[in-house]
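Quick note, the sequences are listed as chains X and D, same order. Going by the working numbering, the first residue of the first sequence is number 14, and it counts up by one from there. Going by the working numbering, the first residue of the second sequence is number 14, and it counts up by one from there.
If chains are identical, the list can't say which one is meant, so a pair holds when it fits in one copy or spans any two.
For lysine to any residue, the following SDA-like pairs were computed, each having C-alpha atoms within a straight-line distance of at most 25 Å:
1. Lys214 <-> Gln51
2. Lys469 <-> Val489
3. Lys214 <-> Ala48
4. Lys284 <-> His57
5. Lys284 <-> Ala187
6. Lys324 <-> Asp355
7. Lys197 <-> Ile359
8. Lys324 <-> Pro230
9. Lys197 <-> Asp355
10. Lys284 <-> Gln56
11. Lys214 <-> Gly514
12. Lys302 <-> Glu350
13. Lys214 <-> Ala170
14. Lys106 <-> Met78
15. Lys106 <-> Glu504
16. Lys197 <-> Leu346
17. Lys214 <-> Ala47
18. Lys284 <-> Pro225
19. Lys469 <-> His57
20. Lys284 <-> Glu58
21. Lys197 <-> Arg336
22. Lys284 <-> Leu223
Quick caveat, the hints were computed from the structure, so don't treat them as lab data.
Number of protein chains: 2
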Amino acid sequence: MKNAIGREIPERIGSRDVSLYQAAFATLRCDRKAARYQKGAPQHEDKVLHSIEAAIEATGLSDGMTISFHHCFRDGDFVINQVLDACAKKGLKDLRLFPTALFPAHAGVIDHIKAGVVSRIEGSMNGPVGAFVSQGGQLSEPAILRSHGGRWRAVEAGDVEIDVAFIAAPQADAYGNATGIHGKTPCGPIAFSAVDAQYAKHTVVITSDLAPYPVYPMEIQQGWVDYVVVVDEIGDPQNIASGTLVLTKSPTRLLIARMTADAVVHSGYFKDGFSFQGGAGGISLAATKYLGDEMEKAGIVGSFGMGGGTKMLVELLQRGLIRTILDGQAFDLDAVESLRVDPAHIAIDPGMYANYDSRGCATYQLDAAFLGATEVDLDFNVNVNTHSDGQLLHGIGGHQDVAAGAAMTMITIPALRGRIPVIVDAVTTVTTPGEVIDVIVTERGLAVNPAREDLKDRFLAAGLPVRELADIKAEVDAMIQPIRRPVFGDEVIAAIEWRDGSIIDVVRKVEGFE
Amino acid sequence: MKNAIGREIPERIGSRDVSLYQAAFATLRCDRKAARYQKGAPQHEDKVLHSIEAAIEATGLSDGMTISFHHCFRDGDFVINQVLDACAKKGLKDLRLFPTALFPAHAGVIDHIKAGVVSRIEGSMNGPVGAFVSQGGQLSEPAILRSHGGRWRAVEAGDVEIDVAFIAAPQADAYGNATGIHGKTPCGPIAFSAVDAQYAKHTVVITSDLAPYPVYPMEIQQGWVDYVVVVDEIGDPQNIASGTLVLTKSPTRLLIARMTADAVVHSGYFKDGFSFQGGAGGISLAATKYLGDEMEKAGIVGSFGMGGGTKMLVELLQRGLIRTILDGQAFDLDAVESLRVDPAHIAIDPGMYANYDSRGCATYQLDAAFLGATEVDLDFNVNVNTHSDGQLLHGIGGHQDVAAGAAMTMITIPALRGRIPVIVDAVTTVTTPGEVIDVIVTERGLAVNPAREDLKDRFLAAGLPVRELADIKAEVDAMIQPIRRPVFGDEVIAAIEWRDGSIIDVVRKVEGFE
Numbered sequence: 014m015k016n017a018i019g020r021e022i023p024e025r026i027g028s029r030d031v032s033l034y035q036a037a038f039a040t041l042r043c044d045r046k047a048a049r050y051q052k053g054a055p056q057h058e059d060k061v062l063h064s065i066e067a068a069i070e071a072t073g074l075s076d077g078m079t080i081s082f083h084h085c086f087r088d089g090d091f092v093i094n095q096v097l098d099a100c101a102k103k104g105l106k107d108l109r110l111f112p113t114a115l116f117p118a119h120a121g122v123i124d125h126i127k128a129g130v131v132s133r134i135e136g137s138m139n140g141p142v143g144a145f146v147s148q149g150g151q152l153s154e155p156a157i158l159r160s161h162g163g164r165w166r167a168v169e170a171g172d173v174e175i176d177v178a179f180i181a182a183p184q185a186d187a188y189g190n191a192t193g194i195h196g197k198t199p200c201g202p203i204a205f206s207a208v209d210a211q212y213a214k215h216t217v218v219i220t221s222d223l224a225p226y227p228v229y230p231m232e233i234q235q236g237w238v239d240y241v242v243v244v245d246e247i248g249d250p251q252n253i254a255s256g257t258l259v260l261t262k263s264p265t266r267l268l269i270a271r272m273t274a275d276a277v278v279h280s281g282y283f284k285d286g287f288s289f290q291g292g293a294g295g296i297s298l299a300a301t302k303y304l305g306d307e308m309e310k311a312g313i314v315g316s317f318g319m320g321g322g323t324k325m326l327v328e329l330l331q332r333g334l335i336r337t338i339l340d341g342q343a344f345d346l347d348a349v350e351s352l353r354v355d356p357a358h359i360a361i362d363p364g365m366y367a368n369y370d371s372r373g374c375a376t377y378q379l380d381a382a383f384l385g386a387t388e389v390d391l392d393f394n395v396n397v398n399t400h401s402d403g404q405l406l407h408g409i410g411g412h413q414d415v416a417a418g419a420a421m422t423m424i425t426i427p428a429l430r431g432r433i434p435v436i437v438d439a440v441t442t443v444t445t446p447g448e449v450i451d452v453i454v455t456e457r458g459l460a461v462n463p464a465r466e467d468l469k470d471r472f473l474a475a476g477l478p479v480r481e482l483a484d485i486k487a488e489v490d491a492m493i494q495p496i497r498r499p500v501f502g503d504e505v506i507a508a509i510e511w512r513d514g515s516i517i518d519v520v521r522k523v524e525g526f527e
Numbered sequence: 014m015k016n017a018i019g020r021e022i023p024e025r026i027g028s029r030d031v032s033l034y035q036a037a038f039a040t041l042r043c044d045r046k047a048a049r050y051q052k053g054a055p056q057h058e059d060k061v062l063h064s065i066e067a068a069i070e071a072t073g074l075s076d077g078m079t080i081s082f083h084h085c086f087r088d089g090d091f092v093i094n095q096v097l098d099a100c101a102k103k104g105l106k107d108l109r110l111f112p113t114a115l116f117p118a119h120a121g122v123i124d125h126i127k128a129g130v131v132s133r134i135e136g137s138m139n140g141p142v143g144a145f146v147s148q149g150g151q152l153s154e155p156a157i158l159r160s161h162g163g164r165w166r167a168v169e170a171g172d173v174e175i176d177v178a179f180i181a182a183p184q185a186d187a188y189g190n191a192t193g194i195h196g197k198t199p200c201g202p203i204a205f206s207a208v209d210a211q212y213a214k215h216t217v218v219i220t221s222d223l224a225p226y227p228v229y230p231m232e233i234q235q236g237w238v239d240y241v242v243v244v245d246e247i248g249d250p251q252n253i254a255s256g257t258l259v260l261t262k263s264p265t266r267l268l269i270a271r272m273t274a275d276a277v278v279h280s281g282y283f284k285d286g287f288s289f290q291g292g293a294g295g296i297s298l299a300a301t302k303y304l305g306d307e308m309e310k311a312g313i314v315g316s317f318g319m320g321g322g323t324k325m326l327v328e329l330l331q332r333g334l335i336r337t338i339l340d341g342q343a344f345d346l347d348a349v350e351s352l353r354v355d356p357a358h359i360a361i362d363p364g365m366y367a368n369y370d371s372r373g374c375a376t377y378q379l380d381a382a383f384l385g386a387t388e389v390d391l392d393f394n395v396n397v398n399t400h401s402d403g404q405l406l407h408g409i410g411g412h413q414d415v416a417a418g419a420a421m422t423m424i425t426i427p428a429l430r431g432r433i434p435v436i437v438d439a440v441t442t443v444t445t446p447g448e449v450i451d452v453i454v455t456e457r458g459l460a461v462n463p464a465r466e467d468l469k470d471r472f473l474a475a476g477l478p479v480r481e482l483a484d485i486k487a488e489v490d491a492m493i494q495p496i497r498r499p500v501f502g503d504e505v506i507a508a509i510e511w512r513d514g515s516i517i518d519v520v521r522k523v524e525g526f527e
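For reference, chain X alone in the conformation it holds in the complex (with noise of 0.2 Å):
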């Protein structure tokens, strides 16, 4: 079958039925979400346990189960695995891993798969796990790959039930509350699992710190948590800022992050009031600052910027530059600080921030947002997931979310990485589809979507260097020697869902090069 945008997806994808992705709001459903557990507890229980082996025992957790993850550390997680060590050493099998998110520092999920611990993955895979799936034949089921906002959906909607949910809080009391801003190893906000706490049949908060009742702020309920399990390390903090969290020095990026700000400035939604998210890429953070520059100069105070939070968006803050942060999670640890400290910085929830089934989430009220991709395509087609070998390398984040959200999205790339382009007649993996993207920014000139004439008309009464994207393309391709494209095989190892819960797209085996 072809989905809207002509990707070819099977009828199923490993157990499930699919529903095909039809248009960036296809689908607003008003039937009822699914329902949560009842979970009672007597007065003054005491919910603490000394080992993730005594909590395994104590949740019931057993083979073919669903166990559920944030991914707040980032790269500096500890605690997927150590669970997974845990749940190997009790002989468990064939689990379902839904993280947020793994990162290279999870490359030993890799053994588990190996030795049949983990079978299935519903959760972001960047780096080596990305990579070791992408060879076909690992899991028992395709992956499935979600954002932020249609994982939150997907758990309220009965997609996915979780069987325990495992949250590492680097603060928690004996209770249960637990933040991420507070105690030794502060990671920022915690509630990407807030839905996993709440739908789970089991929750179990890990922590480093136990402090006294009541930890606070509270991302974590005790109302929500049956254990909190206490361990020496949790993650290291210095690795939340992991990749690609460094202000750019190349001038090609300085350049397109310039061209970035300059196009916001004259796209009409540049006034009191103005909104925008850039992602956690060098460009990005760039043409925060420079938009930041922008604002001063012009005397405009924003509404809100929404983060990952980042010193670059503490610093406007600070500034009076916008009169809030909406903050889903730190991308640093001067973010972490500022959300101590000051009320106007926000913590949201992925709820708040992006989901679907909601009665409006916040990337709804954005007027720019900057992201970058690892493909675009003439369709204004965007990738983020795959690299042009083919390879699953990266989740989603927000991205989905946001370009749907968002007045204007901007897409932010050079137009050349190495020797290999980066805009393509057809993008490998569709991560979210041009309908939602407005403008391509290279440092050959920025491009414009068809359907957005009257921001082009602006950015060329401005004087700015509209091109079309196929001239751009032209010029590129031009300069380089045609890349070996990858050869797929019938095999899905992953599934992307768009934030409804349809599928935009999959993503196959590669068997070779052309």
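Chain X is fixed; fit chain D onto it per the hints.
Coordinates of chain D only, in the frame set by chain X:
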């Protein structure tokens, strides 16, 4: 049928089957909660309406439906009257009113009952509406009274389905984020309506202060809200402190407060990390003050004081005598101001505060509680709903929740009110069973529940005036003429739910007096 504490309960109450009260923690369930509605929304939707009538039309509110409200403006609320007047104007009939509580300001409800606009009430009725309903024959079904936690549970369990939740919001933005601690007329956090907003088929925020996006803190989140109605006035915050919230000057009551504080000091619970909740009555406020002084003297720092937030509690926080306040509703404007500026003054919703169907609520962490009563009896049962004349004049509030949760629950009452004895053979109505009451403190001494010999020993060792409850009663009875007891008819005018949804007692129509 008789329930476990010997109260005669009909097999059916109105149209509902009855589950009989068994014990304070009889029924720890693990089935599922009710499913919430999925409510999709398009991007950038405009939710603002300019009249309550428009909201009635937009939500499709019609005859026989259920509408809900919070009571955070207490006797200063304008919204219930405004909405009911609009419903009357629209010709609506037979509505079920599901407020958290009604106050004397809502006496207008009586006319709407007479006119058939309102035919059922589930919620507390403080004052005139309760007196009116007590006459019998006014409602099509008996009223149902629930505790704060019990009401939350009932919504989550699907016992009450809300068609339209109307939420008075001192400040809201156009997308539905709302708070009670900012705005033109702040009344304190409005999280009482959070469960209504999440479970109702339609949610309408009513505000007199439409502020730029995003309004925060978000006791009510945009994702739960269908419409935002802007009106001139929603309430008078001067009246949130109505009625009971004055520090007593009565020497009798000050003596009771003094004895209460002394009992806490010698209870064995009085040590670092100690926690307590006082009610909003004059004795409780004085006891809180005395207790603070004792804590200072002893160098003890409490973990939390729980509210209703009051100036008295805020002072303890500011003096460093408690680390935090857990605050379900503001009882005065000092508490509102403190909530704005001090992160250790934590707003919690009634689910976290008191929900029976959770893995533990905040009241379960209480060491000591001092609460009021209209009557107590020799089984230590407590009545807070009716007076000795049989009239239903008060709600339950958090009484059941706190008494069930606290390690030591003290009822602080004068043994005599005017010419009316407060200790009786059997209370007119059982609100809270003797099983969860530990100490009764009167100006004539304190009586300890026989189940708590440990406390009695400690109090005796400390030289406190411990007496038998029957002796205090006899002493008082000897001083006064017997009062004329009401004669009840068969008609059940209200049912009192225990916090798990079982029926602990019913209130019958008063037919006359002995």
